[in-house]
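Q: One letter stands for each residue in the lines below.
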Amino acid sequence: MDTSEPIHDDEEFNAQLRQCANHLADKLQNGQLDEATEIIYSLTDARNTPIFNSVGQLTRGLHDAIVNFHVDADLSADPPEVKSSEIHDATNRLQWVIEMTQGAADKTMDKVEAVAPIAMSLGQESMRLKEDWERLKRREITKEEFKTLYSRIDEFLNQMGEGTQILNASLQDIILEQGYQDLTGQVLNKVITLVTDVERELVNLMRIAGQVEKMTGIASGEAEGAKAVEAPALNSEAEGPQIHAEKRNDVVNGQDEVDDLLSSLGF
Amino acid sequence: MKILIVDDFSTMRRIIKNLLRDLGFTNTHEADDGSTAMPMLRSGDFDFLVTDWNMPGMSGIDLLKEVRADGKLVSLPVLMVTAEAKRDQIIEAAQAGVNGYVVKPFTAQVLKEKIDKIFERVEG
Numbered sequence: 001m002d003t004s005e006p007i008h009d010d011e012e013f014n015a016q017l018r019q020c021a022n023h024l025a026d027k028l029q030n031g032q033l034d035e036a037t038e039i040i041y042s043l044t045d046a047r048n049t050p051i052f053n054s055v056g057q058l059t060r061g062l063h064d065a066i067v068n069f070h071v072d073a074d075l076s077a078d079p080p081e082v083k084s085s086e087i088h089d090a091t092n093r094l095q096w097v098i099e100m101t102q103g104a105a106d107k108t109m110d111k112v113e114a115v116a117p118i119a120m121s122l123g124q125e126s127m128r129l130k131e132d133w134e135r136l137k138r139r140e141i142t143k144e145e146f147k148t149l150y151s152r153i154d155e156f157l158n159q160m161g162e163g164t165q166i167l168n169a170s171l172q173d174i175i176l177e178q179g180y181q182d183l184t185g186q187v188l189n190k191v192i193t194l195v196t197d198v199e200r201e202l203v204n205l206m207r208i209a210g211q212v213e214k215m216t217g218i219a220s221g222e223a224e225g226a227k228a229v230e231a232p233a234l235n236s237e238a239e240g241p242q243i244h245a246e247k248r249n250d251v252v253n254g255q256d257e258v259d260d261l262l263s264s265l266g267f
Numbered sequence: 001m002k003i004l005i006v007d008d009f010s011t012m013r014r015i016i017k018n019l020l021r022d023l024g025f026t027n028t029h030e031a032d033d034g035s036t037a038m039p040m041l042r043s044g045d046f047d048f049l050v051t052d053w054n055m056p057g058m059s060g061i062d063l064l065k066e067v068r069a070d071g072k073l074v075s076l077p078v079l080m081v082t083a084e085a086k087r088d089q090i091i092e093a094a095q096a097g098v099n100g101y102v103v104k105p106f107t108a109q110v111l112k113e114k115i116d117k118i119f120e121r122v123e124g
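Each protein sequence line maps, in turn, to chains A and B. Note that the numbering used here gives residue 183 to position 183 of the first sequence, counting from 1, and the numbers run on in steps of one. Note that the numbering used here gives residue 13 to position 13 of the second sequence, counting from 1, and the numbers run on in steps of one.
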């Protein structure tokens, strides 16, 4: 969008106004009403043309933005129905990130839940064997008990081999499952780029709209737009995870600060 | 001990469920927001409520306020486990009568500490 050209030249218009005013007074004094009317029309045109131009620019800007973001919308419907757009696409991408992270978390927990009992039973059996082994070392064991211990150790070694193999495979699977971070990171980066682009286009449109408003006398000043952006959020509005907790004074940074705050309240 | 875990993310419900099981609490039930949790709390004899804050439907803070306004549930111990970390929010939860507040991400140790502390106070 090219918005560098000045869309209204006040000085030129003012000069024209002064000149026309003199002409108009002359014509009226001489009773030439038709010609006086002509002058009024030409003045109105001179005033309106730049407004029409800048409204045209605004429309073109909007059109460009819609084209840039590949918005495919049915504008005849009320409200207009968006069939597809980059924002729509971004929403789908973010949805995919949620699914992907949930899938990875579920698979990781499945693996851990599946093999945790193996690790636990190996640990328990080794503790029991150690007790009997100590008794064997102290020669406190009967011949019968020794025979059982002999076969138990045999069995335990087998279990150990199989168990650790399964554990290792699961640990490898868990590592592989962390690949979601790479994939979701790439998708999130794309969405970040889009959000930045949308913001830039919106600021651009706001600037053109501001010029139109100034010319037509709708806006009183420029500060209003900026004020609206910084409307304070409700205190209890949920914000989700704090990305920069350490940089903000109104949020706690970690559980210790929560505990301090609560104990200051008498908890 | 019958415990209700309320969170809109099933992953987080599962994590909390696993941690609670490690702490010896095996009778856990789940709900995905305040409006599904409330009827469960009213009809079931729950001893403890663990809830998130930010959920679609009814949020955790509204759930807490409803629990405190319900004659039968008024003294049910409630632990909030949430990513919401604004001071104003923690104060609001405290004023609404929360028994403990844990910010995500959290450790098994912190969860255990807070639960122990809540039951010390409830029993003592």
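Rather than coming from a laboratory, the hints here were simulated on the basis of the structure. Glycine is no exception: its CB is placed at the ideal position from the N, C-alpha and C atoms. Misleading hints may appear alongside valid ones.
[Unchecked claim] Output of the computed footprint for chain B on chain A, the stretches with three or more beta carbons under 8 angstroms from beta carbons of chain B: (1) 84 to 91; (2) 98 to 110; (3) 245 to 255.
Q: All the hints need checking, so say for each whether the structure fits it.
A: Checked hints:
no.: 1; hint: 84 to 91; in the structure: violated (count 0)
no.: 2; hint: 98 to 110; in the structure: holds (count 5)
no.: 3; hint: 245 to 255; in the structure: holds (count 7)
Going through the hint list in order, the structure does not satisfy hint 1, though it satisfies all others.
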